[in-house]
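Participant: Quick note, the sequences are listed as chains G and D, same order. The numbering used here puts the first residue of the first sequence at 123, with every later residue one more than the last. The numbering used here puts the first residue of the second sequence at 123, with every later residue one more than the last.
Hints may be right or wrong, so weigh each one.
Which copy is meant is left open, so a pair is good if it fits within one copy or across any two.
[To be verified] As a list, the in silico DMTMM-like pairs of lysine to aspartate or glutamate whose alpha-carbon atoms are at most 20 Å apart: (1) K481 <-> D434; (2) K507 <-> D246; (3) K303 <-> D173; (4) K359 <-> E344; (5) K217 <-> D193; (6) K217 <-> E233; (7) K513 <-> D269.
I should point out that these hints are in silico values taken from the structure, not numbers from a laboratory.
Protein chains: 2
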Amino acid sequence: QGTRDHPPAHAALRDRLLAAVVACFKRHGAAAIDTPVLELRETLTGKYGEDAKLIYELQDQGGELLALRYDLTVPFARYLAMNKITNMKRYHVAKVYRRDNPATTRGRYREFYQCDFDIAGQFDPMIPDAECLKIVHEILSDLQLGDFLIKVNDRRILNGVFAVCGIPESKFITTCSTVDKLDKMPWEEVRSEMVGEKGLSPEAADHIGEYVQLHGGLDLIERLLQDPKLSQNKLAKEGLGDMKLLFEYLTLFGITGQISFDLSLARGLDYYTGVIFEAVLLQQENDHVEEPVSVGSVAGGGRYDGLVGMFDPKGRKVPCVGVSIGIERIFSILEQRVNASGEKVRTTETQVLVATPHKHLLAVRLKLISELWDAGIKAEMLYKKDPKLLKQLQYCEDMGIPLAAIVGEQELTDGVVKLRDVATREEVKMPFYTRFQKYFQNLEITESSG
Amino acid sequence: QGTRDHPPAHAALRDRLLAAVVACFKRHGAAAIDTPVLELRETLTGKYGEDAKLIYELQDQGGELLALRYDLTVPFARYLAMNKITNMKRYHVAKVYRRDNPATTRGRYREFYQCDFDIAGQFDPMIPDAECLKIVHEILSDLQLGDFLIKVNDRRILNGVFAVCGIPESKFITTCSTVDKLDKMPWEEVRSEMVGEKGLSPEAADHIGEYVQLHGGLDLIERLLQDPKLSQNKLAKEGLGDMKLLFEYLTLFGITGQISFDLSLARGLDYYTGVIFEAVLLQQENDHVEEPVSVGSVAGGGRYDGLVGMFDPKGRKVPCVGVSIGIERIFSILEQRVNASGEKVRTTETQVLVATPHKHLLAVRLKLISELWDAGIKAEMLYKKDPKLLKQLQYCEDMGIPLAAIVGEQELTDGVVKLRDVATREEVKMPFYTRFQKYFQNLEITESSG
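Let the hints inform the model, and build the full structure from the sequences given.
Facilitator: Here it is, written out as structure tokens:
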């Protein structure tokens, strides 16, 4: 339940997807690291708030208390602190585990891949942050998923907004998680949760509402920097100044067309301390998919400057910013598209099938295929002594193998291989490899299998 | 304990290793599948004999009883039976888990990669089996690990030997596991275990000893086919006939020089039913490594025709043969070699560092690097507003980045980029990309970060 086998068509599609993501991470100079699936339970506790109940714990079979990793960010922070690393750009593509109620139709499983890219280190403001957004933009563009929007905000701006609206600091986090629901429910409902459940005054809620419904670009940042109240708040001013810088860098990257400064973006996790962002796909108007998958966000991340310090005995901080690509959701979309188009995903990469047109030629096939493998060519043959030619060509069609290399008595005599294009049925004759030809000149072709 | 983080140098070396193995599997036309790390406990029980105590079990947190997978073969068999697949060539590269006492110096961990290639289906004898041996030969040759030997035997031959030596069938498996120790202890000790612990008669043990100390090639197979006793045993005769066929196919593949028919090879696992094999590295005489790692076998496998049937409600059998590459042991050897040679493993693939020779050029670097990324070039820059040129070149040397693309005021005016070979210090000037140049013709270069 909530885990699944990935049959070849899945695995091939996902491998292509992961390869595109990893190519982008490498293009940005990241090194790979790998951490164990098993972490000490204590490493994970106290990092995920109330989601901690979703952690898979292992039986105490007379050893340490272990759990399955819940994400890749906490293990990365633990790794940096344990190894006293203060400076690193890494990617990590691996599975994580959550005892969630799987919403499998939406691409949510209990075991799923995360693809993370993070930059750790003390640097000049917003340069690594801008690169993370560039990466999201590159990947979503590369994968041709259609129009998308990357929402950006900053926890400091949100906290500044809460402060100037008279919210006590103790209620920042809980107010934050209510704001976070603005992408799923209208402001009226969010407001009534603030007043009813969270105990804010109606005036404070209305005041927050004026801010968190805003979104825009550089113009909005400039406007808020002039806002009489917000400009007086130290956190908000810092956040807005950095947001301006970020937009200038994103302008240089030429990607502001897909970026929106959106004050309603709050992100669930507690550990964010600065910039936060989330990418969503925009529903295509001329989308012919019959039942569009509701996919939510396809990438997200932000700055978390305090997490590494939680694992350091002396609490030394290592500032970090990172992005996580929601590969499973993207996979759901691509899979649905492939299914809708009826396109057949090739599950193997075989270039040529070695075939024979009549009996007693197994030895020839074995010798030829061995030469091809040794030359680095992806080749297959049927595991039958005397397969029919039709069966062999049928196999090519079923598996999408583009070529068949056919050798019969005539070809052996002539010292050639007939190379057949399976789709067009065109055939060309090619000479044997010298070594191959020599071998068969001296070989009496008998069926050794009797 | 027994799990580990893989820092970038490890991860990069291992990625290369895995890529070589996967390339070979794909060359042989295998499709990838993926199965969950979590399996139902009942799937795993009764498959590994007394090793079952090494299975990691998850806490019952109010759901199914789960365990971490112990290998990739049992999940593959479960997958075939569940999906009623009777014909498949697949590979699977993934981590497995064992609560073993880790011998970390020998490359043994509790969490480790397995790389499996298996062929399932009813085919003509020994054709898929020969391909598995070809794969082992290709991978060990590709990785340039030095001389190696692939030992081959057949469970039917072993059982035939036991039968003609008068061992009751109930003692076949336990005798088998004693024979398996012949690669680690001399015959005298194995014999005394047979007589002492396993209760065989001294005559029977001596008789077994005459057989299991034999090894050779086609000549030995022919001799045993003429053996008055063995040739009377149905199982042994079948096994020897197939072994002969296998050697004929391996001759066509040109790999018999590294293959030994070795009657002492028994393999631990119960589920093998036919051909079994194991590859070992041969100690190099002129090996300059100071402390050679004792690595044991680096690949192994065999035929298991009964395993899939254990998962099928009607017991329908799907014959299978497969090979598992001992990637962690190979990794240990390569790692030790790299350490001994002092060679530095590059952890990233960055082709060029975008650098500026003086202040106030952050915008230029951001623009140029963005153009490079968009052109698919692997590029980095330092995350500083005004890094010193020396620091930038030092970073190239530290990270093994071969090129630096340098743009200063002069280059901007001339519309060129200076491309510097970091090792030779040679520099060539190249024109900007048109788009890049146009951009900066209209841009007043100021430091937006203030």
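Participant: Against this structure, judge whether each hint is valid.
Facilitator: Hints, verified against the model:
{"no.": "1", "hint": "K481 <-> D434", "verdict": "neither (71 Å within a copy, 35 Å between copies)"}
{"no.": "2", "hint": "K507 <-> D246", "verdict": "between (68 Å within a copy, 6 Å between copies)"}
{"no.": "3", "hint": "K303 <-> D173", "verdict": "within (17 Å within a copy, 50 Å between copies)"}
{"no.": "4", "hint": "K359 <-> E344", "verdict": "within (11 Å within a copy, 88 Å between copies)"}
{"no.": "5", "hint": "K217 <-> D193", "verdict": "both (8 Å within a copy, 17 Å between copies)"}
{"no.": "6", "hint": "K217 <-> E233", "verdict": "both (6 Å within a copy, 14 Å between copies)"}
{"no.": "7", "hint": "K513 <-> D269", "verdict": "neither (45 Å within a copy, 40 Å between copies)"}
Of the numbered hints listed earlier, those contradicted by the structure are 1 and 7.
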